[in-house]
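*Asks:* Single-letter residue listing:
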Amino acid sequence: MPFIPHTPDDVRAMLAALDAPTLAALFDEIPPALPIGELPGLPEALNELQVSRLLEGRAADYPRPLCFLGAGAYEHHLPAAVWDIVGRGEFYSAYTPYQPEASQGTLQVLYEYQSMMAGLTGLAVSNASLYDGGSALAEALLMAVRANRKSKSKRVLVPHSLHPFYRRTVQAIVHNQDLELVELAYDPAGGHTPLAALAPHAGQDFAALVIPQPNFFGVLEEVDALTDWAHQQNALAVAVVNPTALAILKPPGQWGKTGADIACGDGQPLGAPLSSGGPYFGFLCCRQDLVRQMPGRLVGRTVDLDGKSGFTLTLQAREQHIRRSKATSNICTNQGLMVTAATLYLSLLGPHGLEQVATACHANTRALVERLTRVTGVSRAFDRPVFHEAVLNLPCPVGEVLDGLLARGILGGFDLSGEYPELGNALLICATETREENDLQQYAEALAAVI
Amino acid sequence: MSSNIPSDLHYTESHEWVRVHDDGTVTVGITDHAQHLLGDLVFVEIPEVGRAVDAAEACAVVESVKAASDIYSPLEGVIVEINEALADSPELINEDPYGEGWIFRLKTTAALDGLLDAVAYEAIAAADDEDEASLANPKLID
Chain A
1 MPFIPHTPDD
11 VRAMLAALDA
21 PTLAALFDEI
31 PPALPIGELP
41 GLPEALNELQ
51 VSRLLEGRAA
61 DYPRPLCFLG
71 AGAYEHHLPA
81 AVWDIVGRGE
91 FYSAYTPYQP
101 EASQGTLQVL
111 YEYQSMMAGL
121 TGLAVSNASL
131 YDGGSALAEA
141 LLMAVRANRK
151 SKSKRVLVPH
161 SLHPFYRRTV
171 QAIVHNQDLE
181 LVELAYDPAG
191 GHTPLAALAP
201 HAGQDFAALV
211 IPQPNFFGVL
221 EEVDALTDWA
231 HQQNALAVAV
241 VNPTALAILK
251 PPGQWGKTGA
261 DIACGDGQPL
271 GAPLSSGGPY
281 FGFLCCRQDL
291 VRQMPGRLVG
301 RTVDLDGKSG
311 FTLTLQAREQ
321 HIRRSKATSN
331 ICTNQGLMVT
341 AATLYLSLLG
351 PHGLEQVATA
361 CHANTRALVE
371 RLTRVTGVSR
381 AFDRPVFHEA
391 VLNLPCPVGE
401 VLDGLLARGI
411 LGGFDLSGEY
421 PELGNALLIC
431 ATETREENDL
441 QQYAEALAAV
451 I
Chain B
1 MSSNIPSDLH
11 YTESHEWVRV
21 HDDGTVTVGI
31 TDHAQHLLGD
41 LVFVEIPEVG
51 RAVDAAEACA
61 VVESVKAASD
71 IYSPLEGVIV
81 EINEALADSP
91 ELINEDPYGE
101 GWIFRLKTTA
111 ALDGLLDAVA
121 YEAIAAADDE
131 DEASLANPKL
141 ID
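In the order they appear, the protein sequences are chains A and B.
Residue numbers in the first sequence follow the working numbering, run continuously in steps of one, and reach 451 at the last position.
Residue numbers in the second sequence follow the working numbering, run continuously in steps of one, and reach 142 at the last position.
You can trust all of the hints, since none of them are fake.
Pairs of lysine-lysine, PhoX-like flavour, derived with a Cα cap of 25 Å:
| no. | chain 1 | residue 1 | chain 2 | residue 2 |
| --- | --- | --- | --- | --- |
| 1 | A | K326 | A | K152 |
| 2 | A | K326 | A | K150 |
| 3 | B | K66 | A | K308 |
| 4 | A | K326 | B | K66 |
Calculated directly from the structure, the hints in this document are not laboratory data.
The task is simple: from the sequences and hints, build the whole structure.
*Replies:* In structure tokens form, the structure reads like this:
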């Protein structure tokens, strides 16, 4: 679907049809006092060459540091073909198109994306994506509260080990819909959510339990036990997962005896560059019987009148244009461009490639932890297994250490002392498959020097 | 379009029908007129047994290929039985709206005064048909 802008002739023809002398005349109902007219203080315009030189000069002031920062967004190698193909005009839109069935290629990409996400999570259904991981979790919880017919409650149990930004995003989205988020303490030795933290809530009425895997500390939760506990309490199990990790960890659809009910998370690790925090995309998958409570667009495969295979938006009675105020969400937009990148990324890597990425991330993080904890005064904060992040205890304030590392060209990790002051001088580190042996060595030497 | 409106039932303006039994319960469904307007039904969300509902409370949803509509309880009461067959066969409502397509049974002590009889409901359905006809064939205005 190439985008073709209006030519001056098109504009003249449309103005003539409207009997309007100029484009500006279309806006003449705006009181003249309101338009600002001109922006004062702007420098002289530069041409493209001058702008390029200016920005290249500025970029040189900010060399790309060696990144050991994760905390929800992860640097991965993106095959060059991913963004080369995403940039084609046919794909270059953030939206599912209006008159969607005219764009069979876009719908096919979304259908394949949904198929791959359903495969990764082990659940029957995936939507065509949401904005980001935090808002996907908010939608998952609203969905769980609507879908849980065994519970009238709007309470949801949320581990303190869940990403703090997700907790705040969810709170911002759901608090006006009367959902109550009840926090669960993590185990100070393991960094996971123990069944003991759940025990006080046994027998109470609540709609869902959130289960992050891995959690914000990188630690693996006891997902089978947590899922089964939730189901014993007539609550839904809502998984928040790293999609890369799913290549080597048990998919949510297989957690416990009957599997998690809903899985969501941030899709950034699948093809989206870090790019200063976005755009990323959220994914949301669920059991077949919950599909009518699912928000967002869904693409299905069908046949036309001649029996030819084709793709179509389906189950639209959930959406605002049909269901109005009772739609499953006030947001049905998806992140089409990021999802296209994810589809290409997953296609190019394949299941084996993604497994290699996940395994390399895990091995690099273990190697990094091993090296850094050889530095005097540095130790692991938690003793349980991790995926590709880990928490370290430092002998001095983390902020100063990170400043010292950055001066040596290293983005050292995420300072946990603001979000988790009880952990003391705690640093969250990450090493993806992009880090090499000498990167790890460089970090270890710099850390020893800074401390 | 003329639709089937049995004279032994009670009706609501929102197109539910009510059949009164002598054991203090009533059966509720949607009218032939309503199923015709909705078109082929693809899904029915039925309420859970034991749920207490107010009169005019939305307690079920019917979804067709072109719309989704709430079903309102015609009376205050408690839902004592649901039509489980609709989960797999929503088309029963299209095929037999006053029989196999019933939606739920309500235990109620509420008076039936607020409900319509067949004659009153027929007038509402007829007015709907005129609206629908005018929407389908809008008059051109110069």
